[in-house]
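In the order they appear, the protein sequences are chains R and G.
Under my numbering, the first residue of the first sequence is numbered 1, with each subsequent residue one higher.
Under my numbering, the first residue of the second sequence is numbered 1, with each subsequent residue one higher.
Misleading hints may appear alongside valid ones.
[What the hints assert, rightly or not] Heads up, simulated BS3-like pairs for lysine-lysine below, C-alpha to C-alpha not over 30 Å straight-line:
{"#": "1", "chain 1": "G", "residue 1": "K184", "chain 2": "R", "residue 2": "K130"}
{"#": "2", "chain 1": "G", "residue 1": "K184", "chain 2": "G", "residue 2": "K207"}
{"#": "3", "chain 1": "R", "residue 1": "K314", "chain 2": "G", "residue 2": "K157"}
[Unchecked claim] Partial list, computed: chain G residues near chain R (C-beta under 8 Å):
{"#": "4", "residue": "Y58"}
{"#": "5", "residue": "G98"}
{"#": "6", "residue": "T151"}
{"#": "7", "residue": "A179"}
{"#": "8", "residue": "F185"}
{"#": "9", "residue": "P196"}
[To be verified] Simulated coverage check for chain G against chain R, where a stretch passes if three residues somewhere in it have a Cβ under 8 Å from a Cβ of chain R:
{"#": "10", "region": "61-73"}
{"#": "11", "region": "102-109"}
Everything labelled a hint here was simulated from the structure, so no lab data went into it.
Note that beta-carbon positions come from the ideal geometry of N, C-alpha and C, so glycine has one too.
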Amino acid sequence: MTYKERILKAARGEWADHLPWVPRIDLWHNSNSMRGTLPKPFKQDASLDEIADYIGGGYHKIVPEFLKVRSPEDNIDRGIGVYRLWGMAYRPELIGVDREVKKEGDATLVTYHTPIGSVSCKYIYTEEMKRAGASITWITEHVIKEPKDYKIVGYIFKNIKIHPDYDNYLEFQRKVGDKGVAAAFANLSASPMHHIMKEFLDATQFYLEMYDHPKEMQGLSEDMEPYFDQIFRVLADSPAEVIFSGANYDEMITYPPFFREHIIPHLQKLADLLHPKGKLLLCHCDGENKGLLDLIPESGMDIAEAVCPQPMTKVTIREVKKAFKGKVTIFGGVPSVALLEESMSDEEFEHFMKNLFNEIKPGDRFILGVSDTTPPDAKFERLLRITEMVQDWGKLPMTE
Amino acid sequence: MLDQEKFYTALSQGKMDEVKRLTQEALDAGEPVEKVLKEGLLSSMDRIGVRFKNGEVYIPEVLIAARAMHAGMAVLKPILSKSSAKKAQKIIIGTVKGDLHDIGKNLVVMMLEGGGFEVVDLGIDVPANKFIEAIKTHQPQVVGMSALLTTTMIEMKNTIQAVEWAGLRNQIKMIVGGAPVTNKFAQDIGADGYAPDAASAVDLVRKVLAE
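Extracted from the complex, chain G is given alone in its bound form (with noise of 0.2 Å):
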């Protein structure tokens, strides 16, 4: 029987080994993979996202939190990648071009993994025909993308644009973040979807692909 009170404690004080002997043990009495995933580490990663988004706990919690996941994951992964089960939902995201600011990226990062996506971070300083390669190799059905600064935020439209140009613009969804974005800009340069801290990005997500 899977204790997700155990998991979840593991993973809120960011006891790797801990989290890695628990999915181990969830494994080794049977528990289906799918279910020790999403049972076991992503409802605790959920939990802690709720937690940081009403205020309850700050950023080193998520931090070491996620990195508990990533290895609760570590042991799973050999075993999902063989299993039939429904492949999660895929984003890719990265810092724009010209901006070298990643701590919000990392933890938008952190908590759609949370939330149960598959996440392909293309780092900073990400120029659009880098996006639109991984677009074309990851096949995501979202892109994010991040800016700190005013001079950068416009390489959000123009990467857009380029998405547009390269014919993929209608088969993704396109978000944007970062400090100077507003709604508003998001509207403007035809961005599908704003999201105003990473607390809220896993929402935004979940909205657009509903859409």
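So that you can see chain R by itself, here it is in the shape it has in the complex (with noise of 0.2 Å):
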């Protein structure tokens, strides 16, 4: 089998030849390549795919790459959490807005201007986000900032046209070929109201302003709704076979009565335009999803990306795995901390990795990965490791 076989298998409930190794190593390739420190036997101009090939599992082709853009006009929205990136199967129009950017040092300043009224945004890439392998800006500047601001950024997103971008996207399947999945981008954010939190508001404002302004924000949760609709439509006509859609869920900043009004919902109606074409859904849950574990099931999620179990979070994997009751694929299992020396030794690493592989037993629904990606200054020999590992070991069914 195929890696990409046995992520789709994995995916869908079935059984593969053997357990899927799929870590993400983005943001550490970033890092030591800008630092001139990726590891012997690499040029220090090696690619993230060459360095994917030696380690020997599948290539993690889940999340966009944000700051690698053909033009400006590829992530210049950013700042309201929109994108025209290489790879994505569908491309945003701003209709009826007119964008006005600045650069100021390592921070660019969008102001979009609309016949209702104007609002603006600061993001920041700074070299210290550079040499530590950050792979998206960082909003410094959030484009709500008074109540009147609700309205316009609604007739932005009421206004925006998604077209089908399929071409742009099967560039994205080939390159990927048969060394992984090539997930179709959606949103970070699952929903309109989970698009306010993520995009829009500082994290602490957001919930304050639920209170301030309930009204504003339920009025452009709803103007909102048909820029979801159209991704949702277009993602499921398009040849992929998994949809990244929402991320960051954690049971404090997505709490579960959240999760369940605002997430949720929108999560299902994705799932049932996806499952009728045979397409599944996918979501980075890599926060601590305790308090989630028995809401995940219901929301027709397919693939639980970035799982993180203990000692990171509170959950273990056996909890995970049960509270799934083999409707989820688990995709992770491996603690981002469990690559650093710093958090673990030689021999803590391997009783740490024993017993996850015990705890994954018989290996059902399960594809190993990093949760959410291997840290710069991880020890590269743990990666490899990890391969003789499921090489030993991951042969499905998995017994003894």
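The task is to assemble the complex, starting from two chains supplied on their own in separate frames and drawing on the hints.
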């Protein structure tokens, strides 16, 4: 079986021949390339895929490359969470909006002028962020600053037209080939309210605004529905097998009542479009999921990617498997700190991994990965060691 | 007579004006300022903290309650500053250098304030020298550091070392928290304590101060 076949089998709840091992190494690669510290035998310009081939797992092609742009247009609307990246299966067009862009050192300031008013946002990408391998810019000034901004942002989203861009996606799919699954990106947010939380307001301010301006927030959420609906329909008709919608679920940030009210209905809506066409829904579940474990299987999600167990969270993989009841495939399992010498000695790492393999048994609905990504200072040999373990112990179904 | 239930109800509903009114009324009725603070504001916030820890309320409820508590504190502050009552123990807190995340740290700040501590929030992206400067200026009993990234958690170690080199380590307790931080990591870098979440931070501070 190819890596792609293995991943898709596991994602569909079928038996693959071997446990799929798909380490995410983009941040590690960005940082070590930038610092000139890629380990031997790699040249300093070694590509991500070259290194992934050397490790011997599948390609992790889930999260888009937010910074590798073909033109500034690709990520200029990052401040409102709208992208036109290489490999995406849709292309958003802002209609009736004039965009004004200013560069101020490491910062990009974008102002959106609409017939009903203007809003602005600022995001940064500093040298320090580059060295740390950061894969996305950071919003320092959010687009909603006062109550009148809700309507203006609503206007922008009500007037976004989503165009299919399947050739762009197919290029991505061809490049990945049979080494992995090229996930088609919907949004980092699963729903309008999740989008408002993640992109339009400072995290703390969002919760206060829920109390201070609930009507304005609800109005904006309604204005954004057509944007999400268009994306969902275009992706359901796309050539992709797996659609990625929604990231960073966490029991504190996307607390259970919020997850139930504002995230599940949209995941279910998307899943209902995808499943009749044989497509799968993937979400990036990299937070503390303990309080959400019982809700995730109700959501229609097929793959919970970046699932992170103890010691970085409160849950074990055994608990996650039990809660998912065979309905959701776990993608992850190796917490990023397990790859750091500061956090685990070699002996502790070996013990941790042996225990993890025991918890995974018999290996159904499981894609082994790093949650959520390999850190820049990871001990590279540990990735190779996991490949050995998968070779030695990962024949499915796993028994002894 | 100070009505604790009224304080709790107003606080848990985030009613800032109501909390201010209750605070002023309690003072006008001759209640000592320390009693209004402890039995009116802090005990209500503490109840909300316990409910948060038990998963009965969530982050929005904690944030609006903390904001309402601040509204009441603003009424008390001018009187407290002149009072001879024992000062609250002080904590300085910040997200370490290179890390721009603040929601977890903000929540810890609110829980600690609700626990009766005076908190100096240094914000995000705080380098070791700024922690040292703040220790000298504010003379805290505890320093709290937060990190969300595996790339920045090492700054906690650097900060602890820098505080040691500055000769300040023995006069304070240093505690850490954040997604990639584990108890073992905390021990290895020489921290005095680690809390796995915001709800546990108050207990941790009380524990390290009692040691």
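Each hint, compared with the structure:
| no. | hint | in the structure |
| --- | --- | --- |
| 1 | G:K184 <-> R:K130 | 29 Å, holds |
| 2 | G:K184 <-> G:K207 | 18 Å, holds |
| 3 | R:K314 <-> G:K157 | 23 Å, holds |
| 4 | Y58 | 4 Å, holds |
| 5 | G98 | 5 Å, holds |
| 6 | T151 | 4 Å, holds |
| 7 | A179 | 6 Å, holds |
| 8 | F185 | 5 Å, holds |
| 9 | P196 | 7 Å, holds |
| 10 | 61-73 | holds (count 3) |
| 11 | 102-109 | holds (count 5) |
Of the numbered hints stated above, none is contradicted by the structure.
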